[in-house]
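J.: Protein chains in written order, with UniProt numbering: chain A, 1 to 268; chain B, 1 to 268; chain C, 1 to 268; chain D, 1 to 268.
Take every hint as true, because none was put in to throw you off.
No copy is singled out in the list; a pair is fine if it fits within one copy or between any two copies.
Here are the simulated SDA-like cross-link-like pairs (lysine to any residue), alpha carbons at most 25 Å apart as the crow flies: (1) Lys-74 - Asp-169; (2) Lys-18 - Leu-258; (3) Lys-18 - Arg-243; (4) Lys-76 - Ala-144; (5) Lys-18 - Glu-242; (6) Lys-74 - Ser-241.
Just so you know, the hints here were simulated from the structure itself, not pulled from any lab data.
There are 4 protein chains.
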Amino acid sequence: MAEAFAYGEDVLLVEEGKGRTFLVRLEPGMEFHSHRGTIAHDGIAGQLEGTTVLSHIGRPFLAFRPRVGDRMFKVKRRTQIVYPKDAGWIALSLDLRPGARVVEMGTGSGAFTILLAQLVAPTGRIYTFDQRAEFLENALANIARAGSADRVEAGVLTAGEPFPVAGVDAVFLDLPTPWEAIPAAWAALAPGRPLALIVPTAEQLKESVRALREAGFALIETVELMERPILVREREGVRPSERMTAFTGYLVSARKRLPGPPPAGAVG
Amino acid sequence: MAEAFAYGEDVLLVEEGKGRTFLVRLEPGMEFHSHRGTIAHDGIAGQLEGTTVLSHIGRPFLAFRPRVGDRMFKVKRRTQIVYPKDAGWIALSLDLRPGARVVEMGTGSGAFTILLAQLVAPTGRIYTFDQRAEFLENALANIARAGSADRVEAGVLTAGEPFPVAGVDAVFLDLPTPWEAIPAAWAALAPGRPLALIVPTAEQLKESVRALREAGFALIETVELMERPILVREREGVRPSERMTAFTGYLVSARKRLPGPPPAGAVG
Amino acid sequence: MAEAFAYGEDVLLVEEGKGRTFLVRLEPGMEFHSHRGTIAHDGIAGQLEGTTVLSHIGRPFLAFRPRVGDRMFKVKRRTQIVYPKDAGWIALSLDLRPGARVVEMGTGSGAFTILLAQLVAPTGRIYTFDQRAEFLENALANIARAGSADRVEAGVLTAGEPFPVAGVDAVFLDLPTPWEAIPAAWAALAPGRPLALIVPTAEQLKESVRALREAGFALIETVELMERPILVREREGVRPSERMTAFTGYLVSARKRLPGPPPAGAVG
Amino acid sequence: MAEAFAYGEDVLLVEEGKGRTFLVRLEPGMEFHSHRGTIAHDGIAGQLEGTTVLSHIGRPFLAFRPRVGDRMFKVKRRTQIVYPKDAGWIALSLDLRPGARVVEMGTGSGAFTILLAQLVAPTGRIYTFDQRAEFLENALANIARAGSADRVEAGVLTAGEPFPVAGVDAVFLDLPTPWEAIPAAWAALAPGRPLALIVPTAEQLKESVRALREAGFALIETVELMERPILVREREGVRPSERMTAFTGYLVSARKRLPGPPPAGAVG
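Okay, chain A solo, but in the shape it has when bound (with noise of 0.2 Å):
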């Protein structure tokens, strides 16, 4: 059954043709303003999703809640954020799934832990720690917000130090200093399970790969993703973009290898 909008709810309202959009909390006797003009939440609460609403002059937008992608594109940054087109691919390699036990260190802005967040649910937990306190609490809120607070511990933490975890499904890193905390990600993960970090250039790439195979990481794999858009349009006709973000981040994914001889594997 098609829930309708309720007060306290996040709805993104999206202008009908230039599709410019807004995140929305609507709260009784509010007022949502635009340059297109004003729309009422009272308007919007008890509508369904999809429904197309007209500002007070007259200006379609279209009302949505928000897909996991709007929300992290929506945080309130504080820093960079891990792109959706990124953290698809990301989310791949951590082989995350309902119940998961997820490290991330560099909460950044907590757009990537909204997506953690989403995808361990219900039972999962995810553990995330940044270097400086002050974009913790930020990033708290957006994950708040985004009504995923109670499946996400978060605390400070410097690259270097072991983590309060252990055991864990799989690690993600997003700090300007990955190789520093991969000693500390070794140790939290369970035997096999997966890391993957994004770093923006290629020193830093070289400096974490070297770091992923000194701590005993195998499977390092490294790859970036583009992300064109393309326009279909009935009478101008089918062609890319003109312009496009050219490049986000390496992504890098390894799995944890147990040292030690090899058992006695081999046949007889």
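For this one, chain A is given, so just place chains B, C and D on it according to the hints.
T.: Chains B, C and D only, in chain A's frame:
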């Protein structure tokens, strides 16, 4: 607590160095054969993930549990599969989460179905349809091997027929003629909920987007993703790989818009 | 012997650091004005290329002779221009060389004409046509400024009309409807010689390639080129730029094939 | 006037349909052998470009004069070559034109030398150097085959040694250690004139750019070019190719800046 490999479980064996991978179901008394020698399944069972096992000629293999992306690549293929890079993007577009009810039209080899089933576990449900009964059988075997059979219902359905489910949280189309299934997708989706599709050619893209517009979808967005492997070598240096997969398909996402006159949402 | 800048010559002035560029024709007694101050042309004339000149407020500008790519970017634009990255590919496809006689259909702003004229100098000849007389005038001014007027003949011609030249070494089409000009291109080309064209959409590409096949062209090849800027910074590290031009057009090349039954080329 | 193929000339034979190409020097009485049959050179000599010739088993081949890009691909390779897509960009960066005098350091197999020699004809001159005498011999044979020997002077030179020419219009470096040759390049260039180089790794790129800055080059610009083939098929539709060359090198261009205090260029 890390669990050891058990009989009946799939193990990903990875050649040390070269990186070729094999998906092996452990059975008592059986052997894995490769050009790098033989390994007794009994020598793997009871070990932890991340262990190195030696073949009878002393060549090392790493043993891991397959990630969902590994399973997608390792399905017995009778069709083109959705690549993990695209799958991650689609998963975010569809706002997948535990408990979701999702329709997939175009089961193919079941690779993407396996991801869908992992992400909606434990209480969600995947309804997957294909026009070709003979492909469904193979797909269901792939899905069962991945341990997801209990969350997946499959059936034969021709593009153009109504979907036998309603009020679903998301629809994914992977068909030669997705436009034929778009009205049925609209009917099956709960208000406001997302649809995604993948097509290989500009012509199919144009016809699909036209059908989405005519059916009343909004927020229609098209992209392509390019994944480029990066070589990170200590001595030779950091550089992109010389070869890459250039194209796997155009990805489209959209959301179901409700028809009819907009409600009186404007401020008094 | 390096020659000093002379009056009547174009100089490329480049802001130190920021890199904004200005193309300035030196005239006695004139001044160049920018938000970083004023420079007397008399202070540039007589200097060598590569010199740094200071504005009246002490801001440095570098003075260079414009390269052909700079001239292409600096034409007075009344149309989309062919980008240098594409121009290089096209120049090779057309096998340009000194002395060649080349037809261009779609003069536009004359940017590519300038490159053509440079590469066929001193004895070659460019025949360039446009459907719009008002664009030709602007293009010819751009071409004259680049010093290439004596190698260029221009005229108004509608796509579909025969070209008023024959036996040319190469043809380049930059038109909304290149397919209309392809029979004329075939007729004008010497046997075996190359044609190239650029189009922005998949639909135009398809129709152009169809027309090439029907007219009897062979070795038809289509590519797109993506140019990504790389940032090389001593402290921050090496990484691709965050933004790039995603698409400038599909590039097609082909060669004129002779019709009729193949000669008795086989071994007795 | 179109000229017929003559003995002593190179002909590009292209398999109809499949598109495999062969570069064949016509000699009286000789035969071309392929898995699609045999063709007598005498059956090609005297024909026009663009003609179809049949092998002794009736398989068609198209006969064309090779374009410069064909020659670049067809050199006898003892090294990695500069790809045509990159060559076009470099040619524009170097502002090549008839009459130019150009230094190339890193002759390799001579592929790029062939392009240089074509573009500076008839009066220009290419000075090309390589550290390995044994490669020069092969390169000179390739250059001679392309008919450019009279415009090319070649010699053995170690990176770091001064170039034996001065006041040149452009310098191109294709070396494992271009930074070692950059001071010599600066010394050999006329004031303000361009240099370009190509390197495969991020580390080489960084060291090269550092050396350019230290030597006093300005307008330093780095890009990479990705060329993606597009399939244009009447029935199956338009789509990018599934495979592409992902990376061939980082391209750098720069211009020689004069040292010393800026002249009094400011307005009184």
